[in-house]
Amino acid sequence: MEDESGLIMLIQHYASRFGITFDSKLMDDEVLKPKLIKLLGDAISGKRGAVTDEDVREAP
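Quick note on numbering: this note's numbering labels position 3 of the sequence shown as 9, and the sequence is numbered without any gaps.
In case anyone wonders, no lab produced these hints; they're calculated from the structure. Just so we're clear, the structure is a prediction, and the values are computed from it rather than from any experiment. For glycine and all other residues, C-beta sits at the position ideal for the given N, C-alpha and C. Don't take each hint at face value.
For lysine-lysine, the following DSSO-like pairs were computed, each having C-alpha atoms within a straight-line distance of at most 27 angstroms [to be verified]:
id : residue 1 : residue 2
1  : LYS31     : LYS53
2  : LYS41     : LYS31
3  : LYS44     : LYS31
4  : LYS53     : LYS39
5  : LYS41     : LYS53
Okay, the calculated beta carbon distance ranges per label pair [claimed, not checked]:
id : residue 1 : residue 2 : range
6  : SER11     : GLU64     : 16 to 22 angstroms
7  : GLU60     : SER11     : 27 to 33 angstroms
8  : GLN18     : GLY55     : 17 to 23 angstroms
9  : LYS44     : SER22     : 16 to 22 angstroms
10 : ARG54     : GLN18     : 17 to 23 angstroms
11 : ALA56     : LEU13     : 15 to 21 angstroms
Whenever a hint applies, use it, and build me the whole structure from the sequences.
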């Protein structure tokens, strides 16, 4: 449950800064979810801009 709360907080923080710029269904994909979480964190910390579906689906 704590992981889910942290994830919700991350998404809320991201959304307050960038809006929702990716398909929320990506969060249901267990393969893409870790990459999406990393990209969201990078965006919040200023290492990159807004996250798109293409960013998440690109090969690492």
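Against the structure, the hints come out as follows:
1. Distance hint between LYS31 and LYS53 is fulfilled; the C-alpha atoms sit about 24 angstroms from each other, no more than 27 angstroms.
2. Using a Cα cut-off of 27 angstroms, the hinted pair LYS41 and LYS31 holds, with the two alpha carbons roughly 14 angstroms apart.
3. Between LYS44 and LYS31 the alpha-carbon distance is near 16 angstroms, which keeps this suggested pair within the 27 angstroms criterion.
4. Proposed proximity of LYS53 and LYS39 is supported: the alpha carbons are some 19 angstroms apart, at most 27 angstroms.
5. This hinted pair checks out: LYS41 and LYS53 have alpha carbons roughly 15 angstroms apart, not beyond 27 angstroms.
6. Checked against the hint of 16 to 22 angstroms, the C-beta distance between SER11 and GLU64 comes to roughly 29 angstroms, which is inconsistent with it.
7. Between GLU60 and SER11 the beta carbon distance is about 29 angstroms. The supplied range of 27 to 33 angstroms therefore holds.
8. The supplied range of 17 to 23 angstroms is met by GLN18 and GLY55, whose beta-carbon atoms lie about 18 angstroms from each other.
9. Our hint of 16 to 22 angstroms for LYS44 and SER22 holds, since their Cβ atoms are close to 19 angstroms apart.
10. Checked against the hint of 17 to 23 angstroms, the pair ARG54 and GLN18 passes, with Cβ atoms roughly 19 angstroms apart.
11. At roughly 18 angstroms, the beta-carbon separation of ALA56 and LEU13 lies within the given 15 to 21 angstroms, and the hint holds.
Taken one by one, the earlier hints fail for this structure only at number 6.
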